Amino acid sequence: MATIRTTQTLAAALNSGLRHALDDDPTVVLLGEDIGTLGGVFRVTDGLQRDFGPDRVMDTPLAEAGIMGVAVGLAYRGYRPVVEIQFDGFVYPAVDQLVTQVARIHYRTGGAVRMPITVRIPYGGGIGAVEHHSESPEAYFAHTPGLRVVTCASPQDAHTMIRQAIACDDPVVFFEPKRRYWVKGEVDESMHDVPLLDRARVVVEGTDVTLATYGPLVITARDAALAAQDEGLSVEVVDLRSLSPVDLDTLEVSVRKTGRLVVSHEAQGSGGLGAEIVASITDRCFDVLKAAPARVTGFDTPYPAAKVEEHFLPNLDRMLDAVDRVMGRQHSLTGWRAS
Amino acid sequence: MATIRTTQTLAAALNSGLRHALDDDPTVVLLGEDIGTLGGVFRVTDGLQRDFGPDRVMDTPLAEAGIMGVAVGLAYRGYRPVVEIQFDGFVYPAVDQLVTQVARIHYRTGGAVRMPITVRIPYGGGIGAVEHHSESPEAYFAHTPGLRVVTCASPQDAHTMIRQAIACDDPVVFFEPKRRYWVKGEVDESMHDVPLLDRARVVVEGTDVTLATYGPLVITARDAALAAQDEGLSVEVVDLRSLSPVDLDTLEVSVRKTGRLVVSHEAQGSGGLGAEIVASITDRCFDVLKAAPARVTGFDTPYPAAKVEEHFLPNLDRMLDAVDRVMGRQHSLTGWRAS
Amino acid sequence: MLRADVSPGRALPTHQQAEALQLVTPDGVRRDDPVYDPVIADVDDEKLLALYEDMVVVRRFDTEAVALQRQGQLGLWPPLLGQEAAQIGSARALRSDDFVFSSYRENGVAYCRGAQPADLMRVWRGTALAGWDPRAIGMATPQVMIGSQTLHATGYALGCVKDGVDSVAVAYFGDGATSKGDVHEAMVFAATFAAPVIFFCQNNQWAISEPVGLQAQRPIADRAAGYGIPGIRVDGNDVLAVLAAMRVALDRARGGEGPTFIEAVTYRMGPHTTSDDPTRYVDPSDKVEWAAKDPIARIERLLTARGALTDERAAAIKAKADTFATQMREGCYGLPTPEPLSVFEDVFVEPTPELERQRSQYAAYLAMFDEEA
Amino acid sequence: MLRADVSPGRALPTHQQAEALQLVTPDGVRRDDPVYDPVIADVDDEKLLALYEDMVVVRRFDTEAVALQRQGQLGLWPPLLGQEAAQIGSARALRSDDFVFSSYRENGVAYCRGAQPADLMRVWRGTALAGWDPRAIGMATPQVMIGSQTLHATGYALGCVKDGVDSVAVAYFGDGATSKGDVHEAMVFAATFAAPVIFFCQNNQWAISEPVGLQAQRPIADRAAGYGIPGIRVDGNDVLAVLAAMRVALDRARGGEGPTFIEAVTYRMGPHTTSDDPTRYVDPSDKVEWAAKDPIARIERLLTARGALTDERAAAIKAKADTFATQMREGCYGLPTPEPLSVFEDVFVEPTPELERQRSQYAAYLAMFDEEA
Ligand SMILES: Cc1ncc(C[n+]2csc(CCOP(=O)(O)OP(=O)(O)O)c2C)c(N)n1
Ligand SMILES: Cc1ncc(C[n+]2csc(CCOP(=O)(O)OP(=O)(O)O)c2C)c(N)n1
Ligand SMILES: [Mg+2]
Ligand SMILES: [Mg+2]
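Chains as they are written, first to last, in this note's numbering: chain A, 1 to 339; chain B, 1 to 339; chain C, 1 to 373; chain D, 1 to 373.
If you're looking for bench data, these hints aren't it; they were derived computationally from the structure. Accuracy of the hints is not assured; some may be wrong.
Pairwise CB distance ranges, derived in the manner of DEER restraints [unchecked claim]:
(1) C/S275 to D/R218: 38 to 48 Å
(2) D/L341 to A/D23: 39 to 49 Å
(3) C/D283 to A/D55: 16 to 26 Å
(4) C/S275 to A/T7: 23 to 33 Å
(5) D/S360 to C/Q361: 36 to 46 Å
(6) C/K47 to D/R218: 32 to 42 Å
(7) A/A112 to D/R218: 33 to 43 Å
Below are the PhoX-like pairs computed for lysine-lysine, each with C-alpha atoms no more than 25 Å apart in a straight line [said to hold, decoys possible]:
(8) A/K290 to B/K257
(9) D/K320 to D/K47
(10) C/K318 to C/K47
(11) B/K257 to B/K290
(12) D/K47 to D/K318
(13) A/K257 to A/K290
(14) A/K257 to B/K290
(15) B/K290 to A/K290
Chain D regions said to be covered by chain B (calculated; three or more residues, Cβ under 8 Å) [to be verified]:
(16) 116-128
(17) 136-146
(18) 176-189
(19) 206-213
Remember, predicted model here, so these are calculated numbers, not experimental data. Every residue gets a Cβ at the ideal spot worked out from N, C-alpha and C, and that includes glycine.
Throw the hints in and build the complete structure from the sequences for me.
Right under this line is the structure:
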């Protein structure tokens with residue numbers, strides 16, 4: 001297949017990825033609330049029910065545990081269900097089926113029954129929404145053995161990774177950075193030379209500090225790296241892509257080069273993915289670490305009201321502040337230490 | 001009240017604690033499956049329905065989301081519900097109500113409505129049980145802002161802490177180390193001079209390594225400290241008691257003294273509480289750390305079958321091995337590094 | 001081929017068109033009902049006018065809120081257009097010591113409970129997660145997680161029994177919510193403990209783009225019987241019928257007879273929220289059909305026929321509605337953006353040391369910008 | 001005072017004693033039933049003997065398993081004593097291409113599906129999390145999370161429709177499970193999509209110590225109608241009636257008519273599991289009452305009266321049961337303890353690097369002990 005690039009939004013790249021998946025494999029079936037006629041509240045499934053029919057793109061009753069449990073049964077029967085959870089905050093009713101069933105049936109049955117289920121979750125904040133529409137629950141799933149957890153930051157990755165996730169024989173929780181749905185980029189649909197689903201990627205090379213992040217904050221981190229350059233700092237940005245397992249090898253290579261690590265995510269800090277990454281990298285790179293790794297995350301509060309969400313979410317300045325901190329710079333904005 | 005000490009099992013100490021709570025405050029009401037006539041599958045609520053009646057010690061329908069949601073309504077009405085989840089693995093159906101409601105209603109209402117709900121969860125493995133009866137889901141709740149998470153390791157703490165948890169105006173997830181239910185100890189029911197619910201406690205003093213753990217593994221850690229003594233190592237054991245918030249101040253004091261940290265828990269390592277503790281302490285104590293903190297945890301697998309659970313669970317030897325590791329000892333059992 | 005027919009235009013499958021209690025026809029004719037008439041014998045013209053006024057006010061401010069959203073003053077608004085009778089008829093049956101646990105669309109209910117104009121704006125403008133102090137008006141913060149509040153209402157109702165009072169809890173939810181496990185568990189608990197709770201389902205035929213036929217193959221009220229809970233199906237566009245059904249349910253609850261399930265059959269005349277595009281899924285002829293059953297128009301006809309609704313009175317009502325809408329708009333403009341550091345407040349009753357640290361660090365961080373500037 | 005009367009001895013509240021389909025009385029008398037008789041017209045004495053044999057075998061090995069647990073050979077066992085007819089009557093109606101999603105107590109069903117003697121021991125001895133390969137015998141790993149499997153069955157049934165086959169999925173669950181949200185959501189999905197799934201509820205009157213009156217105020221089968229699902233209440237101690245009901249349900253499902261709900265009214269004659277102490281909550285007179293309705297005794301009476309159950313035949317059946325029990329015991333003893341490193345297997349289809357690392361580190365750790373020894 002010739003390498004043809006088209007410009008697509010991240011949402012459109014997911015849509016075209018889902019379309020390929022439905023085309024390529026008759027066992028792929030999409031389930032969710034409002035994904036059919038409406039095409040999803042974000043239009044990610046737009047046109048798919050029209051083209052593949054209501055048997056393959058199914059609007060379901062309003063019941064997330066039900067959707068997830070029905071997906072388990074479909075997988076038992078040999079299907080490859082792709083479940084949409086309408087917003088991050090609505091995954092909780094499905095947590096039981098996800099954690100006690102989807103994640104474990106392969107283990108439970110000694111490998112006899114696979115659960116190739118993909119759970120699509122638009123996630124993250126910054127869109128001025130009401131409660132339960134701006135959350136980042138990835139740490140719950142990254143702590144759950146048996147689930148793969150991934151997210152994407154660009155249209156190309158969105159397209160590639162959703163297809164890889166659906167083709168994967170393990171269950172994959174696929175977080176979609178909803179505030180980046182309208183970001184545009186070139187997308188090559190050939191699936192040639194694509195990185196593996198569980199690999200991180202260095203998106204900006206640098207030598208002073210490693211800034212690891214994922215999903216909606218990758219763009220922010222790139223901007224931060226640019227800004228840091230103006231201050232004479234060389235920041236290496238790593239897009240983790242896979243949140244479980246984390247590609248620690250790629251991260252270790254980077255930190256061995258820079259000696260410094262900043263991890264950033266929107267989710268609340270305590271017990272978040274940043275903790276795992278800091279702990280793992282400290283273990284692997286203790287000998288080369290020049291400073292304690294820093295975390296730039298949502299605060300340990302519930303997601304706040306829209307008018308103050310900017311004060312909850314990590315942003316470019318907070319990232320730069322942390323970079324300054326691990327650099328031991330006096331002029332770091334606050335010079336704060338966690339203690 | 002005179003300080004009278006009696007010998008009680010940990011389960012009995014919880015029972016007497018619940019009895020005091022019911023006595024002290026008419027708004028305390030217990031809800032759960034089989035907690036009434038049967039007295040709970042572990043007999044922790046034995047005799048309470050008989051003595052306080054079925055209005056205050058309520059057997060409920062078999063529905064964990066229901067129990068949790070009904071508790072929310074009772075709290076709205078001014079009650080102080082104490083919910084029993086029969087086993088760790090059965091908390092998942094209640095996760096939605098716990099995470100999106102119990103944890104957030106105080107924040108959501110700007111402090112107007114309190115949720116003084118205590119969620120009792122017998123947890124942990126080592127009892128040769130079938131699936132879903134041996135889990136340690138504490139990290140999910142420790143990552144959830146608005147919930148306090150605690151556990152106890154001794155009959156005295158069981159008694160004191162359950163009463164403090166019930167008296168606390170915040171929601172508290174109270175993990176009971178089920179394999180230690182039958183451990184006996186002295187219990188003073190006077191509530192004089194008791195440590196705050198959110199404070200850790202040094203249970204063995206030492207100077208070489210800080211070994212932080214909680215719940216069922218505190219006894220194991222004490223034994224490990226004793227064994228280490230024979231090898232000439234002085235291990236300080238910290239019983240965290242509070243898992244959210246973690247008493248980092250107490251831990252920092254210890255690590256500033258020892259310069260080395262091992263954290264141990266039964267829950268799976270990746271994204272577990274150990275990650276948060278390692279990350280936070282690395283941040284606070286980077287200047288004094290002599291080695292990368294080590295974690296001794298359950299592996300990143302679902303909880304395995306009973307006959308092999310000993311190969312999943314941390315034990316004394318694995319703790320000692322980690323102690324040797326952070327001591328840089330050549331004769332550490334494996335000398336392994338995570339990398 | 002799976003058998004669920006969920007194509008657009010099947011908004012109200014035939015099997016959903018079972019009989020429903022109706023006391024006022026769409027044409028504004030009062031129908032006699034030997035069972036329910038005694039329940040509303042006290043509702044004279046003046047009282048009916050009051051209900052009518054409520055509906056007019058509510059429709060007026062709902063329209064205003066949509067406009068505010070279109071003007072960028074609100075992030076979102078879930079219109080209740082078409083559901084005025086269901087909300088007013090049910091909410092006006094309550095006592096102040098009853099307690100409401102609602103979903104997001106029940107702004108008409110909130111109005112009846114005493115929410116102030118600005119209170120109705122707060123959540124949708126994004127300045128707070130709650131519009132009012134729940135205990136002050138006897139109504140919880142509207143629930144966004146579909147169905148969750150039905151359990152809260154049930155628990156609250158159990159508390160009323162424990163307290164020995166005859167207050168009642170009401171759970172409002174939609175047709176879509178009936179599919180949720182929580183709603184089922186609430187009905188199980190309520191039935192088992194004979195909780196004084198009313199499950200008030202506004203079947204507005206849609207859950208966003210999904211027709212009710214995707215959630216239920218039988219009239220929703222039919223679910224109740226299997227639990228041993230009486231179910232009443234009522235014309236949700238008939239404010240009098242809703243009031244009557246609600247009074248019957250409240251009497252049962254206060255008398256210790258336990259829960260009642262009410263399905264108010266109505267129609268969501270607007271989009272799901274201001275973010276929604278119903279042209280993608282709603283058959284316009286459905287809307288025409290339902291417009292003919294408008295809840296306000298039929299009472300207007302009835303009151304006019306009876307000579308109770310004079311031009312003067314109509315003008316006074318319109319003025320009251322306009323005033324409320326204006327107050328709401330002004331209240332909206334006047335809502336202060338919260339202080340940045342408010343983010344850290346009220347996570348716990350007392351902040352934890354870690355939260356204090358995060359707060360003070362963030363305060364220092366913000367202060368740096370001030371210094372820089 | 002809350003109204004739920006859940007005192008011990010109220011195991012079967014009056015309202016639960018609604019009529020149930022019965023074809024063989026406790027005394028062993030065959031009752032005519034114009035509707036259901038045609039469905040089981042083929043069940044001659046020989047076929048009834050086979051069902052009888054199944055029940056005897058199942059009771060025999062169930063008793064053996066309890067003994068094995070008492071002897072410390074099993075960690076736990078959930079006895080099915082008293083529920084033989086419900087399990088055999090339903091499972092023997094199935095085809096091999098149907099698929100069962102059960103709870104933990106359905107060892108009689110597993111036997112019918114073809115689980116081998118040792119297979120029944122694995123989970124309870126703790127050597128594995130599953131007893132068999134689900135696809136090999138058309139039965140999923142028994143579910144410990146109450147109610148979860150009802151959704152799996154529904155999803156599987158949807159898959160059958162998609163595949164254009166007339167296989168049916170059966171969900172087995174208990175009376176306690178009916179309170180769970182998952183069971184409700186399963187019924188909603190099944191009704192909406194007309195899924196060929198059978199909801200087979202063994203109402204054995206108890207959920208551990210909780211009488212069914214805590215879960216349901218009406219016969220459980222009554223729940224079905226509200227979803228538009230036919231519900232059948234059957235004497236769960238009557239193997240013939242259960243078979244008949246199941247066949248009707250299977251025919252509906254295969255014919256594209258969608259789900260059926262069956263409540264098999266039975267009684268848990270033993271403890272919840274071997275860990276349980278039912279003397280704390282069971283009224284002994286209840287057990288006496290139910291012992292008189294024993295599922296095996298009544299068929300024995302019927303067959304003996306008909307002269308079909310000769311001493312010879314009875315002896316052969318007993319021998320078969322003993323053989324199975326012996327094989328089970330031996331199978332139990334013979335189950336190998338898994339390799340320590342098996343803990344790391346099958347988390348994913350291919351292990352992650354992190355799991356490989358953990359595995360090899362733990363292997364090295366274990367090797368150190370070998371070296372030390
Ligand atoms: C648990 C959950 N899942 C999904 C959503 C997204 N959502 C918001 S409203 C809605 C439809 C609700 O329909 P219905 O219950 O009929 O109420 P209505 O909007 O018609 O008033 C959905 C799916 C949600 N808020 N909560
Ligand atoms: C979600 C969940 N909650 C609680 C339990 C603990 N538990 C195991 S069996 C049981 C009772 C089940 O009763 P029922 O559904 O009637 O089935 P039976 O045991 O009578 O066959 C309970 C509460 C569980 N296994 N799963
Ligand atoms: Mg609706
Ligand atoms: Mg039962």
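Quick rundown of the hints versus the structure:
1. C/S275 to D/R218: 38 to 48 Å: Check passed, 41 Å falls within 38 to 48 Å.
2. D/L341 to A/D23: 39 to 49 Å: holds (41 Å)
3. C/D283 to A/D55: 16 to 26 Å: holds (22 Å)
4. C/S275 to A/T7: 23 to 33 Å: With Cβ atoms ~25 Å apart, the hint holds.
5. D/S360 to C/Q361: 36 to 46 Å: holds (41 Å)
6. C/K47 to D/R218: 32 to 42 Å: Roughly 37 Å apart at Cβ, these two residues keep to the hinted range, so it holds.
7. A/A112 to D/R218: 33 to 43 Å: Between A/A112 and D/R218, where Cβ atoms are some 40 Å apart, the hint holds.
8. A/K290 to B/K257: holds (21 Å)
9. D/K320 to D/K47: holds (17 Å)
10. C/K318 to C/K47: holds (17 Å)
11. B/K257 to B/K290: Since the Cα atoms of B/K257 and B/K290 sit roughly 11 Å apart, the hinted pair holds (cutoff 25 Å).
12. D/K47 to D/K318: Satisfied, since the Cα-Cα distance of roughly 17 Å is no more than 25 Å.
13. A/K257 to A/K290: Satisfied, since the Cα-Cα distance of roughly 11 Å is no more than 25 Å.
14. A/K257 to B/K290: At roughly 22 Å apart (the allowed maximum being 25 Å), B/K290 and A/K257 satisfy the hint.
15. B/K290 to A/K290: Between B/K290 and A/K290 the Cα gap is close to 14 Å, so the pair holds against 25 Å.
16. 116-128: holds (count 6)
17. 136-146: holds (count 3)
18. 176-189: holds (count 6)
19. 206-213: holds (count 4)
When held up to the earlier numbered hints, the structure conflicts with none and fits them all.
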